[in-house]
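J.: First to last, the sequence lines map onto chains C and S.
Residue numbers for the first sequence follow the numbering used here, so the first one is 1 and each next one is one higher.
Residue numbers for the second sequence follow the numbering used here, so the first one is 1 and each next one is one higher.
For the record, the hints were derived by calculation from the structure and aren't laboratory data.
Only a predicted model underlies this, so the values are computations on that prediction, with no experimental measurement involved.
Take the hints with a grain of salt, since some may be wrong.
Here are some chain C residues the structure puts well away from chain S; computed CB gaps all over 10 Å [claimed, not checked]: (1) Asn5; (2) Val69; (3) Lys87; (4) Glu95; (5) Lys117; (6) Arg160; (7) Asp161.
BS3-like cross-link-like pairs, simulated, lysine-lysine; straight-line CA separation at most 30 Å [unchecked claim]: (8) S:Lys327 to C:Lys7; (9) S:Lys48 to C:Lys74; (10) S:Lys221 to S:Lys267; (11) C:Lys74 to S:Lys188; (12) C:Lys74 to S:Lys39.
Just so you know, even glycine gets a beta-carbon here, dropped at the ideal spot from N, CA and C.
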Amino acid sequence: MLCQNCKKHEATTHIKSVVNGEYTQLHLCSDCAGKLGYTDVFSGFGFDLGDFFGNFFSKPKTMLSGSKVERCEKCGMSFEEIVKTGKIGCADCYEKFYEMLLPSIQRIHGKTQHNGKVANVTEPDEVKKEKTKEEIIAELQEEMKVAIEEQNFEKAAELRDKIKGMESEM
Amino acid sequence: MGKWYRDFGPEGDVVLSTRIRFARNIREYPFPFRLDEDKKKELNSRIKDAVLSDNENMSFIEMESVPAFQTVSLAERHLISPEFAGPSKSKALILSDEEDVSIMLQEEDHLRIQAMEAGLDLEKAYEKAEKVEKDIGRVLNYAFDERIGFLTQCPTNLGTGMRASVMLHLPALTKQGLISRLASTVSKLGLVIRGAYGEGSQPGGDIYQISNQITLGISEKEAIFNLESIVKQIISQERNARKELLSDESYLDSIFRAYGILKYARKLTSNEFMKLISLVRLASAEKIIDIDTEKINAMIPDMQPATVNVRNSSMLDAEERDKLRAKEVREILGE
Chain C
1 MLCQNCKKHE ATTHIKSVVN GEYTQLHLCS DCAGKLGYTD VFSGFGFDLG
51 DFFGNFFSKP KTMLSGSKVE RCEKCGMSFE EIVKTGKIGC ADCYEKFYEM
101 LLPSIQRIHG KTQHNGKVAN VTEPDEVKKE KTKEEIIAEL QEEMKVAIEE
151 QNFEKAAELR DKIKGMESEM
Chain S
1 MGKWYRDFGP EGDVVLSTRI RFARNIREYP FPFRLDEDKK KELNSRIKDA
51 VLSDNENMSF IEMESVPAFQ TVSLAERHLI SPEFAGPSKS KALILSDEED
101 VSIMLQEEDH LRIQAMEAGL DLEKAYEKAE KVEKDIGRVL NYAFDERIGF
151 LTQCPTNLGT GMRASVMLHL PALTKQGLIS RLASTVSKLG LVIRGAYGEG
201 SQPGGDIYQI SNQITLGISE KEAIFNLESI VKQIISQERN ARKELLSDES
251 YLDSIFRAYG ILKYARKLTS NEFMKLISLV RLASAEKIID IDTEKINAMI
301 PDMQPATVNV RNSSMLDAEE RDKLRAKEVR EILGE
C-alpha cells in the first residue's frame with residue numbers, strides 16, 4: 001500500500017482514528033509520518049489534523065464564472081483560498097464565511113456550539129452571557145446619550161438599533 | 001534546566017508527564033499565516049509585556065537568536081513543537097525558569113500556551129496554563145466567537161482551543177500487541193493515541209501520548225475528566241500486563257540484558273538507548289532493579305541527540321555522540 005500523503009513510498013505507519021463517528025485509517029510512509037509527527041512520539045506536541053486534511057473543507061457548491069470573488073475585508077482571504085490551504089486567515093474570516101465553514105466544523109467536531117470558557121470576561125469566570133449582554137446594553141445606552149448630546153444623530157440611531165436588536169435577543 | 005520531566009509524579013510508574021495547551025489568537029491581528037513579519041514582531045512585544053509584567057520567573061527568547069541544534073533540543077524536551085523548531089523568522093518563546101510553562105509565539109496560532117507537570121496531574125497543569133492565559137487575556141483581546149469559541153487558524157482547534165495530553169510508558173501493553181486495539185478504542189471516545197504503530201523497531205521507547213481530539217462542544221472540564229478516566233483505565237491495564245509479563249523468565253532475562261548493555265556499552269545510538277531504557281524503566285518502576293525512576297525519566301530527554309550536544313556545548317558527529325551517550329549512561333547507572 002502506498003502512503004496516502006505523498007503517494008510515492010510504501011506505507012509503514014498505520015493510524016486509526018474516529019472523527020465525528022466516522023472511522024478513518026491513515027497509511028503513511030515513515031517520512032510523512034515523521035513530518036506529521038507520528039514516528040517520534042516526542043514530536044507529538046502541536047500536531048494538527050489540518051496538516052494533512054488540507055482538503056477537509058467542502059468546496060463551494062456553486063461557483064459562477066465571472067462572479068466577483070468574495071474576500072475577507074480584513075485579511076483578504078477568499079473562501080476558495082481557505083479551502084485550498086485548510087487555514088483561516090483571521091478572526092473576521094470566521095464571521096464572513098461562517099455559513100460556508102459550518103458544515104466543515106460540524107464534520108470535524110461533530111458539534112457547532114461552543115461549550116467552554118468564554119473569552120475576555122472579567123472575573124469571576126462564571127459570569128453568564130446574559131449579564132454581560134446587559135452590561136453591553138448599558139454601555140451602548142451611555143454611548144447613545146453622548147452621541148445625542150453631540151448631535152451625532154446618525155450614530156445615535158445606529159446605537160438605538162443595536163440596543164433594540166440585543167434586547168430582542170434576550 | 002527544568003525538572004518537571006524528571007520527577008516521579010502521581011501514577012509515575014506508568015505516567016511520565018501531563019500537559020495542557022491552549023491555542024489563542026489576538027482579535028485585531030490576522031492569524032500568523034496572514035501576518036507580516038513586522039506585525040508579528042509588534043504583537044510579540046505586546047504579548048511579552050503582558051506576560052512578563054505578571055510573571056517574574058519567565059523570560060522572552062527570540063527564536064532567530066537561538067542556534068538550530070538548541071532549538072531541536074527544546075523540541076526534544078517538549079518545550080516547543082517540532083514545527084516550531086523550523087525556520088524561525090519572527091517566532092518567539094516565553095519560557096519559565098523551571099521550564100514547566102512555555103508560550104510559543106507565532107506558531108500555528110499567535111499563542112500556544114502550555115504547562116507541564118510530572119506524572120498524571122491534569123488539574124495542576126490546567127491551573128498553570130490558565131493563569132498565564134488569563135494574564136494575557138486581561139491585556140489583549142482574544143479572538144472569540146460565542147458560537148464557535150476561541151478562533152484558531154486551523155478549525156480543528158476551535159472551541160476551547162485546549163489540548164490535554166498525558167505521556168504514558170506502556171512497555172507491557174506494547175509487548176502484548178495491544179496498542180493498536182487500544183488506539184481504536186480510545187478514538188471512539190474522542191481521544192487519540194500517538195506513537196509508532198508501524199512495523200520495525202520502536203525508537204519511541206514504548207512511550208505514547210494520549211490526548212483529546214475534539215475541542216468544540218465540550219467544556220475544558222469535561223474534556224479533562226474524559227481523558228483522565230480513560231488514562232486511569234489504561235494505567236490499570238498496563239499494570240496488569242506488567243504483572244503477567246514479569247512472571248515470564250525470558251522477559252525478565254531481556255530486562256537484565258538491557259540493563260547490562262546500558263551499564264557497559266561503549267557506543268549507544270539513540271534508538272538503541274530508547275529500546276533498552278524502556279525495559280530498565282519498567283524494571284525500576286516495578287522495583288526489580290534498584291535505581292530511581294526519576295533518574296531514568298531524566299535520561300530519556302537528556303540522551304536525545306541535540307540535547308546531548310547542547311549539554312556538552314558541541315556539535316558532535318553521530319559516532320562521537322554515541323560514544324558520549326554511552327559514557328554518560330554508564331556514569332549514571334554506575335558501572
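J.: Work down the list of hints and note, for each, if the structure agrees.
T.: Each hint, compared with the structure:
1. With a closest Cβ-Cβ approach of about 14 Å to chain S, C:Asn5 is found to remain outside the 10 Å limit, as its non-interface label requires.
2. Taking the minimum C-beta to C-beta distance to chain S, about 16 Å, the non-interface status of C:Val69 holds against the 10 Å cut.
3. Listed as outside the interface, C:Lys87 is inconsistent with that label: its C-beta sits roughly 5 Å from the nearest C-beta of chain S, within the 10 Å cut-off.
4. C:Glu95, annotated as away from the interface, has a beta carbon of chain S within 10 Å; the closest lies near 7 Å.
5. Residue-level check failed: C:Lys117 sits 6 Å from the nearest beta carbon of chain S, not beyond 10 Å.
6. Listed as a non-interface residue, C:Arg160 keeps its Cβ farther than 10 Å from every Cβ of chain S; the least gap is roughly 23 Å.
7. Distance to chain S confirms C:Asp161 as a non-interface residue, since its nearest Cβ pair spans about 20 Å, more than 10 Å.
8. The suggested pairing of S:Lys327 with C:Lys7 is violated, with an alpha-carbon distance near 42 Å, which exceeds 30 Å.
9. Straight-line distance between C-alpha atoms of S:Lys48 and C:Lys74 comes to about 25 Å, which keeps the hinted pair within the 30 Å bound.
10. At roughly 47 Å between alpha-carbon atoms, S:Lys221 and S:Lys267 are farther apart than 30 Å, so this suggested pair is violated.
11. Restraint check: the Cα-Cα separation between C:Lys74 and S:Lys188 comes to about 39 Å, which exceeds 30 Å; the hinted pair is violated.
12. Taking the CA atoms of C:Lys74 and S:Lys39, the gap is near 14 Å; set against the 30 Å cutoff, the hint holds.
In this structure, the hints that do not hold are numbers 3, 4, 5, 8, 10 and 11, in rising order.
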